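J.: Those protein sequences? They're chains H and Y, same order as listed.
Just remember that this note's numbering sits 756 ahead of the position in the first sequence, which is counted from 1.
Just remember that this note's numbering sits 494 ahead of the position in the second sequence, which is counted from 1.
Just so you know, the hints here were simulated from the structure itself, not pulled from any lab data.
Remember, predicted model here, so these are calculated numbers, not experimental data.
Just so you know, not all the hints are guaranteed correct.
Unchecked claim - BS3-like mimics (lysine-lysine), calculated; alpha carbons at most 30 Å apart, straight line:
{"hint": "1", "chain 1": "Y", "residue 1": "689", "chain 2": "H", "residue 2": "804"}
{"hint": "2", "chain 1": "Y", "residue 1": "644", "chain 2": "H", "residue 2": "771"}
{"hint": "3", "chain 1": "H", "residue 1": "768", "chain 2": "Y", "residue 2": "563"}
{"hint": "4", "chain 1": "H", "residue 1": "865", "chain 2": "H", "residue 2": "1061"}
{"hint": "5", "chain 1": "Y", "residue 1": "563", "chain 2": "Y", "residue 2": "696"}
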Amino acid sequence: MYLNLDLSESEKMLKRTALDFMRREAPNETIKALLETEIGCTDDLWHKIVEMGWAGIIIPEAYQGEGFPLTSAGVLLEALGSGPLPGPYFFSAILGSLIVMEAGIEEQKQEILPNLAEGKQILTLALTEPEYSWESDGVRTKAVEDNGDFVLDGVKLFTPEAKTATHFIVAARTRNNADPVDGISLFLVDSRSDGLSVNRIPGFLSGRSFEIKLNNVRVPGTALIGEKDNGWDGLQQAITKSIPLLCAYKVGGSQAVVEIALEYSRSRVQFGRPIGRFQRVQDMIIEMVNHADAARWTTYEALWKLDTERPAAESIYLTKMISSTAYWEVCTLAHQVISGVSYSEEHAVSFHTRASRYLFHLLGDPAYHRHKLGQLLVPQ
Amino acid sequence: MELIVCLKQILDPEAPPDSYTIDQEANRIFLPPEIAPVISTFDETALEAALRLKDTHGGRITALSMGNKFVSDVIKKALAVGADELILLEDVSFEGGDAWSTAYALAEAIKKIGRYDIIFCGRQAADWDSGLVGAGIAELLGLPSVTLAKKVDITDKTVTVERVAGDGFEIVKVPIPCLITVSNELGELRLVRLKGVRRAEKIQPTVWKPEDIGADPSRIGSRGRLTTLHKLFKPVKETQCEIIEGEDVAEAAVNLTLRLREAKLL
Chain H
757 MYLNLDLSES EKMLKRTALD FMRREAPNET IKALLETEIG CTDDLWHKIV
807 EMGWAGIIIP EAYQGEGFPL TSAGVLLEAL GSGPLPGPYF FSAILGSLIV
857 MEAGIEEQKQ EILPNLAEGK QILTLALTEP EYSWESDGVR TKAVEDNGDF
907 VLDGVKLFTP EAKTATHFIV AARTRNNADP VDGISLFLVD SRSDGLSVNR
957 IPGFLSGRSF EIKLNNVRVP GTALIGEKDN GWDGLQQAIT KSIPLLCAYK
1007 VGGSQAVVEI ALEYSRSRVQ FGRPIGRFQR VQDMIIEMVN HADAARWTTY
1057 EALWKLDTER PAAESIYLTK MISSTAYWEV CTLAHQVISG VSYSEEHAVS
1107 FHTRASRYLF HLLGDPAYHR HKLGQLLVPQ
Chain Y
495 MELIVCLKQI LDPEAPPDSY TIDQEANRIF LPPEIAPVIS TFDETALEAA
545 LRLKDTHGGR ITALSMGNKF VSDVIKKALA VGADELILLE DVSFEGGDAW
595 STAYALAEAI KKIGRYDIIF CGRQAADWDS GLVGAGIAEL LGLPSVTLAK
645 KVDITDKTVT VERVAGDGFE IVKVPIPCLI TVSNELGELR LVRLKGVRRA
695 EKIQPTVWKP EDIGADPSRI GSRGRLTTLH KLFKPVKETQ CEIIEGEDVA
745 EAAVNLTLRL REAKLL
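Bound-form chain Y, shown alone (with noise of 0.2 Å):
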């Protein structure tokens, strides 16, 4: 069984607001350089998604990722857990893409790549959280997917999947090849052990450019953006404290049910 995992790279979601920079002029985050990246979490689950049909039925999984000034210990987890291979479309024209140029040069990837049964992406990258490439590739690929899958087991060629619904959750039978995005519900990336650090040493990740795999440099990065984006700020949240008072606790409680009824909270 082939088995694809999309990846990204994003800055670390868990690093403290304040340590965090916009550029106003260019609508770029930063975080200072000793803060390392993380791979966006949802994706991270994705992976542990391929891993356990690998433990359960064999197979092979390559990961991929786009970006460029990739932190070769933080993407080579993907190694250490037991992806068999990594190929990274790593250059400064992927930069600045959106959901639509990501899935354009995923898609391109994956189809020089040739060979796949499953493709599993995260539900949405833990930094924009658009939640949009994974059926984007979908399409492009022209692949049936499925989304948010907790659970994922495949008998003969069919893939069974546990999607997570508002309720509860659905059971959706899918024909490889197919996309599956994986949501968190599936539970956590697998910790790495000693033999997968040095498994990692000893595998160097493959690097394609957009030539590599024959990419319109029009349809890739912030050239090749469908959306727009006007403004990137801090959120300002003001907190505003009132003390409900009353003659004793139970006049105080009818003047809190009031209050919050004048507030339309009730």
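Chain H with its partners taken away, still in its complex shape (with noise of 0.2 Å):
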């Protein structure tokens, strides 16, 4: 099979729905007013998403999910990304999911995976902690096995939409070795959980970002995902799909800013002729299209590898480092070309400037990206 980054009659209308949904059920004032909260997204809006089938988008039929391949999930997140449309859909219904379907046993799966698809459970990943790592030593938190139950002490830093979540896939260290990928297990806990509290961390740039502190967190053995001490290479593999699933939210976020400040440089006359018109503002605006197209590309390009089961990794660490610098320079432009009103906090370029902040770093900024791929092509 070629590469064929067209998309398929379904996407072309799930994409053209999600647009539709961004329109009735998210216009700027509803954003404005999500981003202020702690929880990113109203039950209505869950109620919502979980009503298009979107909860269950790549959650396989067999467990009542939809079974969409993941370039439709992509589909779907770029017009998410559009908004930004905040919340924990791709925290739960995405990276939770495929956390599941990578790590999970096949008991786990049908007892998770339906619920996650009905939005009865909304998942977050309790990954990074105080000395903030994606690699496997920067997991520092404790599970101790205590007759057939786990007891898990840590804590977990910038996790992600930890207020809206029923429960976290909380990583935690259940074996010390030489061999920092070895006994790490990964735990599904209860939000409410004795022990447990959790902090929104305040600042610009953390939107509903999240301090979980564990202590004494008494979890039974079948919170246990998968096998004890080797939960980090499906763990692993599902962050790694994802990937371009996020890109695929910031691919949408970029295309968002680009019109916004494409139309405001066609309308701002000055000097007796739309902005637009002047080279350096033009400069700026191919700036944005050049970026905004190399997120979307590889991002698609990774999405196709993805589902056709070809070797993706090259194109995740790429199309990662790509999509996070594009979002944040494509912001950055933006507020060049608008200028001053771009600035307040009912803008929604200010919403996307935000959200690229943030989403630059998650799952590993750029840097971390450009050392994996380095390590691909060049083996140490």
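Since each chain comes alone in its own frame, lean on the hints to assemble the complex.
T.: Have a look at this one:
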């Protein structure tokens, strides 16, 4: 099969519907209101997302999902990113589902995946800690086996959407070993567990990013996702597959910002002509289009490789580097084109700027992925 | 209950005005290929009216459209939201028609379908805004028709329609079979769920040519027009700004009032 980045008939229909959903359910004033909350999503909005079938988009039909390919999910996330629609969608429906699909045993898939598809459970990943690392050696939280249960102790930092999640997937160390990959286990932890506290991290960049303190949190043995001590590989596979979908969200954000800046440059008249006719403004618009297109095509190439079961690691590292940088730069340039008003909290570009800074780091920043790509291309 | 909904695929009326080009010779409008067409929004509302009846009373919905070069992922939206069948009158000879030739072709197709209790149309197409096709179909089929519906329900064999009026709405009762044109006050067409996308993948439209419906070639498309389009053009809007001044706000307000009265706007 040759590389074909055309959307299928169904994907075009999905894209149109998702954009229509955003127009009806998440106009600018709604997004602004959601960004000011700790939950980023109302019950009503989440219910509508679930009704659309989107919570189960990548979950196989055998587990009550919709069984769409990752590229279709990319089309949907691109539309949601145009808002940008905040909330737990990516973390639960995409990353959470993938972790259960990649790391869970069959019984867990049968139990958890239908709940995710029906929106009854909302997941988020609690991985990073005060040392902040996306690598296995950053996992210091401990889980100790006790009479068939596990007792978790540690601090998770920068956990996204923790106030909305009903459950956390906590990466914890169940064994110390010279190889940091060995000894990491994954646990499904109820967000209402005794000994667990969630606090929002304040600040411009954090959005709805939280600190989770686990103080002797006891979970049953059935909370262990997959095999004890061997959780890291499944987690990595899930994160790797989810990255192009996160990038699709950034593609949607970048494209929306390009369109806002372009429209402004056509309608804002200064010195007797639209500012878009000035060469310097044109330069900035072209640079924005360049960034957005680069992000789009690397993202969809990575998704195509994943859907067609081709080796995709290079493309995934590449698209995370490119799309993170693209979203950041597109927003910066849009502020220069539009100037004053775009810095106000009510302006859509400012929503995107905050999202672009937060998502720049999520699941690894460009420097991290450049390093990973280097290791892949030139093995040490 | 058998429901038929007439849908028209049109150029996207929300496309930026400067993206349209007009062929002055042929009196036709074009959009660049990257801007996909849409189903006329009033027709989408008509489809929503049919879906609500189906939700409440059950039945079967046949979506019917006439034109040429249908875009599959656009027109199949009808199937994705719940229509049971999609019939396309698709042929180059259907192009260039007016309300009369369109009503004729659709009426012939409806005769071929044969079974119907209610035929739904949009109050007008969102491109030419004539608002004549629905009434034309009713006339050709000899059916009673109600225009501008904002709510439709059925009890036994009587359809109750709330019809938009200048100062509110009227309640009209009409026996089946009948034709109803639906206004935007009824509400937007529901969104396509993922299950609907799957559904649309599995159902292929039925395509009928003019000969399949026994249409008289001289009465369809551009040959069947009863109206003549003399000139198609983009209207030119000119705006002039006049600043009304005064020593203070009160005087400026008085001057503004005098100027508006002089211009016969007050």
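J.: Take a quick look at whether residue 768 of chain H and residue 563 of chain Y sit within 30 Å of each other, Cα to Cα.
T.: holds, 17 Å
J.: Within a Cα-Cα threshold of 30 Å, do residue 689 of chain Y and residue 804 of chain H meet the stated pairing?
T.: holds, 14 Å
J.: Do the alpha carbons of residue 865 of chain H and residue 1061 of chain H lie within 30 Å of each other, as the hint requires?
T.: Distance of about 25 Å is within 30 Å: holds.
J.: For a C-alpha distance cap of 30 Å, please report whether residue 563 of chain Y and residue 696 of chain Y respect it.
T.: Between residue 563 of chain Y and residue 696 of chain Y the Cα gap is close to 21 Å, so the pair holds against 30 Å.
J.: Check the hint pairing residue 644 of chain Y with residue 771 of chain H against an upper bound of 30 Å on the C-alpha distance.
T.: holds, 29 Å
Consistency with the previously given hints is maintained throughout, with no hint failing.
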